[in-house]
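*Asks:* Protein chains in written order, with the numbering used here: chain A, 1 to 223; chain B, 1 to 786.
Quick caveat, the hints were computed from the structure, so don't treat them as lab data.
Each hint should be verified, as a subset may be incorrect.
Far from chain A, by Cβ distances over 12 Å, these chain B residues were calculated [unchecked claim]:
#, residue
1, 338
2, 375
3, 682
4, 774
One side only, chain B facing chain A, incomplete, derived with CB under 10 Å [said to hold, decoys possible]:
#, residue
5, 34
6, 37
7, 38
8, 40
9, 115
10, 118
11, 325
12, 334
13, 337
14, 679
15, 680
Note that the structure is predicted; figures quoted are calculated from it, not measured.
For every residue, glycine included, the Cβ atom is placed at its ideal position computed from N, Cα and C.
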Amino acid sequence: MEARLTGIERNEVLHYLGWPGVGLSKELAAAFERCERTLLDTARPRAVWRLFPLLPDGRLEGTGYAPAGESVRELLRECGAVVLMAATLGTEVERLIRRAQLENMGDAVILDACGSAAIENVCDNLCADLADELRPRHLTDRFSPGYGDMPLAEQRELFYVLDVTRRIGVSLSDSGLMLPQKSVTALIGVSDRPQPKRHRGCSSCSMFETCAFRKDGKSCGAL
Amino acid sequence: MGKAVEHSEILLLDGGMGTMLQAAGLPLGQTPEVWNVTEPEKVAAVHRKYVEAGSRLLYTNTFGANRYKAARCGYAPAELIEGGVRCARMAAGDLPVKVALDIGPLGQLLEPLGTLRFEEAYEAFREQVVAGAAAGADLIVIETMSDLYEVKAAVLAAKENADLPVWVTMSFEASGRTFVGTTVSAMALTLTGLGVDALGFNCSLGPKELIPLLAELRQWTDLPLILKPNAGLPDPATGAYHITPAAFARELLPALGMGVRIFGGCCGTTPDFIRELGTVLTAFAPGERKTDRRFGVCSAANTAEFDGVRVIGERINPTGKRRFQQALREDDLDYIIARGVEQQDAGAEILDVNVGLPGIDEPRMMTRVVRALQGVTDLPLMLDSSDPAAIEAGLRAVNGKAIVNSVNGEAAVLDAVLPLCKKYGAAVVGLCMDRGGIPQTWRERAAIAERIVEAALSYGIDKNDILIDCLTLTVSAQQSQAAETLRALRWVKEELGVRTVLGVSNISFGLPAREHITVSFLTQAMQAGLDFPIVNPNSEAVMDAVASFRVLSGQDRDAEGYIRRFANVPAEAEKPKASGGMTLADAVMRGLRGETAALTREALETMSEMDVIEKLLTPALDRVGERYEKQEIFLPQLINAANAACEGFELIKKQLAKRGGASVSKGKILLATVRGDIHDIGKNIVRVVLENYGYTVLDLGRDVPPQEIVDAAVREDVRLVGLSALMTTTVVSMEETIRALRLSGHPCKIMVGGAVLTPEYAAEIGADYYARDAKQSADIARQVLG
Chain A
1 MEARLTGIER
11 NEVLHYLGWP
21 GVGLSKELAA
31 AFERCERTLL
41 DTARPRAVWR
51 LFPLLPDGRL
61 EGTGYAPAGE
71 SVRELLRECG
81 AVVLMAATLG
91 TEVERLIRRA
101 QLENMGDAVI
111 LDACGSAAIE
121 NVCDNLCADL
131 ADELRPRHLT
141 DRFSPGYGDM
151 PLAEQRELFY
161 VLDVTRRIGV
171 SLSDSGLMLP
181 QKSVTALIGV
191 SDRPQPKRHR
201 GCSSCSMFET
211 CAFRKDGKSC
221 GAL
Chain B
1 MGKAVEHSEI
11 LLLDGGMGTM
21 LQAAGLPLGQ
31 TPEVWNVTEP
41 EKVAAVHRKY
51 VEAGSRLLYT
61 NTFGANRYKA
71 ARCGYAPAEL
81 IEGGVRCARM
91 AAGDLPVKVA
101 LDIGPLGQLL
111 EPLGTLRFEE
121 AYEAFREQVV
131 AGAAAGADLI
141 VIETMSDLYE
151 VKAAVLAAKE
161 NADLPVWVTM
171 SFEASGRTFV
181 GTTVSAMALT
191 LTGLGVDALG
201 FNCSLGPKEL
211 IPLLAELRQW
221 TDLPLILKPN
231 AGLPDPATGA
241 YHITPAAFAR
251 ELLPALGMGV
261 RIFGGCCGTT
271 PDFIRELGTV
281 LTAFAPGERK
291 TDRRFGVCSA
301 ANTAEFDGVR
311 VIGERINPTG
321 KRRFQQALRE
331 DDLDYIIARG
341 VEQQDAGAEI
351 LDVNVGLPGI
361 DEPRMMTRVV
371 RALQGVTDLP
381 LMLDSSDPAA
391 IEAGLRAVNG
401 KAIVNSVNGE
411 AAVLDAVLPL
421 CKKYGAAVVG
431 LCMDRGGIPQ
441 TWRERAAIAE
451 RIVEAALSYG
461 IDKNDILIDC
471 LTLTVSAQQS
481 QAAETLRALR
491 WVKEELGVRT
501 VLGVSNISFG
511 LPAREHITVS
521 FLTQAMQAGL
531 DFPIVNPNSE
541 AVMDAVASFR
551 VLSGQDRDAE
561 GYIRRFANVP
571 AEAEKPKASG
581 GMTLADAVMR
591 GLRGETAALT
601 REALETMSEM
611 DVIEKLLTPA
621 LDRVGERYEK
631 QEIFLPQLIN
641 AANAACEGFE
651 LIKKQLAKRG
661 GASVSKGKIL
671 LATVRGDIHD
681 IGKNIVRVVL
691 ENYGYTVLDL
701 GRDVPPQEIV
711 DAAVREDVRL
721 VGLSALMTTT
731 VVSMEETIRA
741 LRLSGHPCKI
751 MVGGAVLTPE
761 YAAEIGADYY
771 ARDAKQSADI
781 ARQVLG
């Protein structure tokens with residue numbers, strides 16, 4: 001199962017940038033197209049995942065790791081196994097955005113937003129592929145450290161269990177931030193029964209910490 | 001130790017350690033090195049199984065025993081390493097089995113992509129090396145690396161703090177690059193230059209996938225080669241490897257034929273794999289290594305092979321350039337590295353870097369410029385200085401293999417600089433001059449060239465890494481010298497058989513329509529055997545001449561490069577003209593850079609610089625800001641407008657610099673993303689906007705410790721400090737920074753911004769101002785600084 005980047009959702013990109021909904025000028029529309037194309041050409045998406053039986057004490061079999069928090073317990077209530085996953089667009093995109101910040105900051109912010117939309121796309125594709133792979137079992141939503149009451153610090157556990165740095169080249173800083181920045185880690189419950197879409201709304205969005213809409217008391221309307 | 005395997009028999013290494021320890025009960029995700037202290041018998045038992053299977057070199061169980069990865073387990077790296085060496089020694093007993101100190105990646109990404117500094121990486125590796133040497137390791141193995149810069153820190157730490165052989169293996173993807181973009185040729189050139197004893201691949205791929213990469217590697221080095229692949233590719237669902245020991249050994253056979261002598265296994269391999277390897281490999285006669293090597297210089301991601309004409313860009317040099325000198329004095333790195341990017345876009349293949357200027361701390365500036373350049377361009381670098389300290393600073397900072405420019409025939413210079421070239425593995429330029437100056441005849445220059453080549457060889461520098469510069473003199477002043485230079489060049493090329501380099505542009509100094517002379521001389525020089533013209537790549541005529549020469553000399557096969565260069569040339573590139581009734585304000589508003597520059601130039605004909613700023617550029621930016629606040633435009637447009645205005649400001653700066661006046665600035669602002677935070681795009685946007693409002697911005701970067709911010713604020717007497725933090729987890733260090741600034745007693749205002757901040761939160765942590773966005777930070781700056 002290869003990590004796949006199949007497209008960049010323009011509306012998502014516009015939302016990330018705080019688009020007020022006015023028309024796009026000719027110059028700006030061209031910039032969006034240019035940036036989307038560059039990002040798609042540059043990204044080398046990579047992903048790693050692994051399936052663990054879930055033990056009665058909440059640990060993942062073969063590891064010392066038990067995902068913490070009420071939200072996760074609720075998510076995994078009907079699950080007998082858990083997939084841990086990590087995905088990234090690679091250092092190629094990190095470098096692209098950094099260089100753009102020096103050469104053309106206008107393009108840089110668009111590329112940055114395109115990167116956010118692109119890594120979402122990679123994760124969505126991976127989840128769809130996992131759903132096929134694990135059929136007839138069913139998957140819960142994707143859930144990342146920092147969502148709900150799952151501590152951001154669990155990122156480190158995921159990193160060690162999946163050997164993320166060695167497998168896909170993402171590193172974790174002392175302060176718990178991932179590099180390349182356009183990277184995601186998550187867990188997904190695996191159940192014999194169909195799983196509801198539980199985690200709608202802002203608290204389950206990867207932009208939760210940094211969303212400009214939420215800060216203004218609004219929502220982007222995407223979830 | 002490297003020598004021991006070069007000629008003779010095969011050396012068998014061990015196989016996977018982590019998987020074996022997990023089989024012995026180590027939970028997945030726990031620090032395996034802890035067992036060196038708590039369960040030494042179990043670790044030694046794994047080693048013993050490998051010895052029984054035929055391993056004659058054991059890697060200690062110390063892959064992650066560095067201060068960053070070990071922090072979470074509660075043991076000091078030295079304890080884990082001492083225990084690790086002891087475990088391996090226990091297993092080796094009295095058998096002829098050697099023990100290698102295993103050093104893996106630190107787990108933190110280095111600058112420029114990450115935040116770990118080269119010196120910090122060096123320090124962490126030094127700690128490991130010292131502990132390993134003290135514990136009695138026989139050699140040092142640096143393995144599973146993806147970042148060549150991290151490898152360089154580790155190799156220097158190993159060679160400077162222990163007297164043991166050093167081996168390096170890196171992990172590649174099937175694409176032929178590592179996760180951070182290092183190429184096989186760059187790895188080989190750099191590490192061969194740094195003087196490691198053996199090199200190769202481990203992890204990430206199985207034997208089948210590694211063979212094509214091996215075929216590439218062996219062309220770029222004559223060092224012994226190491227292969228330690230995974231047991232194929234893992235099953236994603238379970239993490240298990242499926243290849244059998246027999247298939248593993250069989251798939252490695254081609255490597256034997258390609259001259260590899262050092263074999264082992266990585267993830268998923270067991271003692272059975274090693275035993276099988278021993279049986280299969282010893283049944284065949286090892287193949288011979290090819291001797292025709294390829295040479296070149298490189299960054300981590302890009303190699304300029306020495307196989308024809310390569311253009312060296314000359315524009316990073318303050319000589320005779322007022323604007324560049326001003327940038328050096330004002331520490332304006334962005335201006336300097338923009339000259340690098342521009343030359344790469346124009347077709348330069350190597351960048352000359354000269355930052356020497358009276359009053360500048362050249363070694364420090366060399367380090368900073370080299371690192372900054374490496375963040376934005378992947379061109380190999382030529383370090384241009386007459387100060388050995390600056391050369392060494394640059395050589396240490398370079399990620400890849402560089403060229404040193406230069407030495408000359410003077411013994412003192414040769415003895416000071418050649419050892420540096422040897423130690424850091426750089427190619428070197430020798431100028432055909434000495435204490436007596438530049439000789440007037442080609443014979444005398446040739447004699448100096450001969451002396452330089454001899455000296456370089458005596459220091460162990462490969463002949464292929466010696467570049468001779470026969471020196472260009474200005475034809476308008478010394479007309480006969482052009483022919484002498486060409487004659488010397490031809491002789492050096494044909495008789496000494498080394499490569500040649502020449503600063504070309506100087507030929508036409510003082511003449512009108514210089515380009516004709518420059519291009520004509522360049523063509524003759526290439527015909528005489530010039531490999532590396534140092535030129536201005538922004539001159540199309542120069543680059544056209546190079547493109548043509550490459551076709552005529554056969555370097556550009558089937559004229560592919562030439563056709564690419566000229567196939568899609570538009571009839572006449574459109575020059576932005578200040579026409580159509582567009583005002584400067586319109587141009588700024590629409591983010592049109594070319595038009596803004598043209599209209600600024602027009603305005604400067606009738607107005608003073610300050611008037612253009614005060615009456616045209618600033619009001620235009622203000623209007624953009626208002627529209628942004630009213631949400632009539634959004635962020636990309638605000639930034640594009642600021643960037644367009646920048647073109648106008650830059651023109652004015654240039655004009656002022658030419659008159660020798662000071663630059664215009666409304667005041668100094670310090671910006672930093674606080675410690676622990678690596679998300680700095682927001683801070684960078686603020687910088688662009690503030691600069692375009694005419695402020696001088698001192699950007700300390702990201703992940704900046706509080707003390708560094710305090711020191712800079714005091715040293716530069718900054719009245720406004722802007723701090724950025726994106727995550728709730730890093731607002732804590734923002735608060736700490738504010739406290740430190742207040743404690744220092746330095747009178748300054750502090751503004752803060754970042755996604756999770758609010759005006760209330762900002763007040764709570766002691767900030768004077770909360771800036772919602774870049775526009776507001778400019779408003780605050782105006783309030784504080786005027």
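*Asks:* Look at each hint and say if it fits the structure.
*Replies:* Hint check:
no.: 1; hint: 338; in the structure: violated (7 Å)
no.: 2; hint: 375; in the structure: violated (7 Å)
no.: 3; hint: 682; in the structure: violated (9 Å)
no.: 4; hint: 774; in the structure: violated (10 Å)
no.: 5; hint: 34; in the structure: violated (12 Å)
no.: 6; hint: 37; in the structure: violated (18 Å)
no.: 7; hint: 38; in the structure: violated (15 Å)
no.: 8; hint: 40; in the structure: violated (21 Å)
no.: 9; hint: 115; in the structure: holds (6 Å)
no.: 10; hint: 118; in the structure: violated (16 Å)
no.: 11; hint: 325; in the structure: violated (21 Å)
no.: 12; hint: 334; in the structure: holds (7 Å)
no.: 13; hint: 337; in the structure: holds (7 Å)
no.: 14; hint: 679; in the structure: holds (7 Å)
no.: 15; hint: 680; in the structure: holds (8 Å)
Consistency with the previously given hints fails for numbers 1, 2, 3, 4, 5, 6, 7, 8, 10 and 11, ordered from lowest to highest.
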